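So the number in my numbering is just where the residue sits in the sequence shown, counting from 1, plus 1.
Since the hints were derived computationally from the structure, they do not count as laboratory data.
Keep in mind it's a predicted model, so treat the numbers as computed, not measured.
Certain hints may be false.
So the derived label-pair ranges between C-beta atoms look like this [stated by the list, open to error]:
1. Cys201 / Lys24: 22 to 28 Å
2. Asp157 / Arg4: 32 to 38 Å
3. Gln138 / Ser40: 32 to 38 Å
4. Ser40 / Glu85: 15 to 21 Å
5. Gly75 / Arg109: 21 to 27 Å
6. Ser40 / Arg204: 34 to 40 Å
7. Glu113 / Lys27: 14 to 20 Å
Computed cross-link-like contacts, BS3-like style, restricted to lysine-lysine with a CA-CA straight-line distance of at most 30 Å [said to hold, decoys possible]:
8. Lys129 / Lys24
9. Lys26 / Lys145
10. Lys154 / Lys210
11. Lys133 / Lys154
12. Lys115 / Lys24
13. Lys158 / Lys210
14. Lys91 / Lys24
15. Lys154 / Lys130
16. Lys129 / Lys145
17. Lys115 / Lys129
18. Lys27 / Lys115
19. Lys129 / Lys86
20. Lys130 / Lys91
Backbone N, C-alpha and C fix where the C-beta goes; we use that ideal spot for every residue, glycine too.
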Amino acid sequence: MIRAYFNWSGGKDSALALWNVTKEKKYRVEYLLTSMNSSHHRVSMHGVRRELLEAQAASINIPLITIELPEHPGMNEYESAMTEKVRWLKEQGITHGIFGDIFLEDLRNYRERKLAMAGIECVFPIWKKDTKELMNQFLAEGFKAMIVCVNQKFLDKSFCGEIIDKNFCTELPATVDPCGENGEFHTFVYDGPIFGKTVCVNRGDIVYKEYQAPSAIRDNTQQTEDNYGFYFCDLLLA
Numbered sequence: 002m003i004r005a006y007f008n009w010s011g012g013k014d015s016a017l018a019l020w021n022v023t024k025e026k027k028y029r030v031e032y033l034l035t036s037m038n039s040s041h042h043r044v045s046m047h048g049v050r051r052e053l054l055e056a057q058a059a060s061i062n063i064p065l066i067t068i069e070l071p072e073h074p075g076m077n078e079y080e081s082a083m084t085e086k087v088r089w090l091k092e093q094g095i096t097h098g099i100f101g102d103i104f105l106e107d108l109r110n111y112r113e114r115k116l117a118m119a120g121i122e123c124v125f126p127i128w129k130k131d132t133k134e135l136m137n138q139f140l141a142e143g144f145k146a147m148i149v150c151v152n153q154k155f156l157d158k159s160f161c162g163e164i165i166d167k168n169f170c171t172e173l174p175a176t177v178d179p180c181g182e183n184g185e186f187h188t189f190v191y192d193g194p195i196f197g198k199t200v201c202v203n204r205g206d207i208v209y210k211e212y213q214a215p216s217a218i219r220d221n222t223q224q225t226e227d228n229y230g231f232y233f234c235d236l237l238l239a
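Throw the hints in and build the complete structure from the sequences for me.
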C-alpha cells in the first residue's frame, strides 16, 4: 500500500474523504496532520479545541501531528512551518498527502505546488464531486457531525451548534453550498464508520469574533473582505 498522511480538519469533508480512501485500500494513512493555533490550542479557522482532535485521532486509531502556528501567521511563517513538517513526513517514508478539498482550484494548485517541492504527491478523493451528493453520502454512511462555526455573511447564529441531518440540509438557504465549500460553515465529526467509538461532546458557549483577512493561505474560504465575522460553538469533551 502507498504510505500517506491525511490533511485533517476534523470536519465532514475530511471524514468522508478519509472513509473513501480507506474503502479503496490503496493508501495506508499513517498520520493525521492539522494546523493548530499554538496560542489557544485550537484548530486554525474552525476554533475546535486540541483535545477534541486528539480524541478523534484516538478513535480513528491514526496518530495526530500538528503544524503549530501563531494566532495571526504571515505567509512566510505558515509556509516555513508547513515545509518543515512535510519534510519530516518525507523523511518517515511518506510519499503522498491526501486532502478533502472539493472545488477550490487555487487551493489545490497551492497544495500541489508546495508539496511537489518536498517530493510529496497530492491526492483528492472527493474532488469535483457534487456537494449535495456528498452530503447525502455522508449521512447515508452513518456519519454524525455538528456545526461549530458559521460565517455571518451567509448564515445566522441559529445554525451554530446544529446537528448535521436531513433537516439541516433542507433549512440551508439556496445560496449556501451544501458542504459549505465557500466558507459558509465548518463542522466537527463525532461519529461514523471511521471511528472506533463515538467522540462524546457537550455544547459550550456560542461566541462571535471578527477578524481581519489573514495573510496566510486561507483554509476553505474565498472571502476577500478586510474584516469578516464568525459565530463559534465551543465544543467540550463530555
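Consistency of the hints with the structure:
1. The hint said 22 to 28 Å for the Cβ distance between Cys201 and Lys24, and at roughly 26 Å that hint holds.
2. A beta carbon spacing of about 44 Å between Asp157 and Arg4 contradicts the range 32 to 38 Å that was offered as a hint.
3. At about 36 Å, the CB distance of Gln138 to Ser40 agrees with the hint of 32 to 38 Å.
4. Between Ser40 and Glu85 the beta carbon distance is about 19 Å. The supplied range of 15 to 21 Å therefore holds.
5. Range check, Gly75 to Arg109: about 22 Å between beta-carbon atoms, so the 21 to 27 Å window is met.
6. For the pair Ser40 and Arg204, the supplied restraint of 34 to 40 Å is violated, since their beta-carbon distance comes to about 23 Å.
7. Taking 14 to 20 Å as the suggested C-beta distance range, the pair Glu113 and Lys27 conforms, at roughly 19 Å.
8. The straight-line distance between the Cα atoms of Lys129 and Lys24 is roughly 19 Å, inside the 30 Å bound, and the hint therefore holds.
9. This hinted pair checks out: Lys26 and Lys145 have alpha carbons roughly 23 Å apart, not beyond 30 Å.
10. Under the criterion of a C-alpha separation no larger than 30 Å, the hint pairing Lys154 with Lys210 is consistent with the structure, at around 13 Å.
11. Under the criterion of a C-alpha separation no larger than 30 Å, the hint pairing Lys133 with Lys154 is consistent with the structure, at around 21 Å.
12. At roughly 28 Å between alpha-carbon atoms, Lys115 and Lys24 fall within 30 Å of each other, so this suggested pair holds.
13. With a C-alpha separation of about 12 Å, the suggested pair Lys158 and Lys210 falls inside the 30 Å cut-off, and the hint holds.
14. Distance hint between Lys91 and Lys24 is fulfilled; the C-alpha atoms sit about 24 Å from each other, no more than 30 Å.
15. The suggested pairing of Lys154 with Lys130 holds, with an alpha-carbon distance near 25 Å, which does not exceed 30 Å.
16. At roughly 23 Å between alpha-carbon atoms, Lys129 and Lys145 fall within 30 Å of each other, so this suggested pair holds.
17. For the hint linking Lys115 to Lys129, the alpha-carbon distance of about 21 Å falls within 30 Å, and the restraint holds.
18. Under the criterion of a C-alpha separation no larger than 30 Å, the hint pairing Lys27 with Lys115 is consistent with the structure, at around 23 Å.
19. A threshold of 30 Å between alpha carbons decides the hint, and for Lys129 with Lys86 the separation of about 28 Å falls inside it, so the pair holds.
20. This hinted pair checks out: Lys130 and Lys91 have alpha carbons roughly 29 Å apart, not beyond 30 Å.
Comparing the model with each numbered hint stated earlier shows that hints 2 and 6 do not hold.
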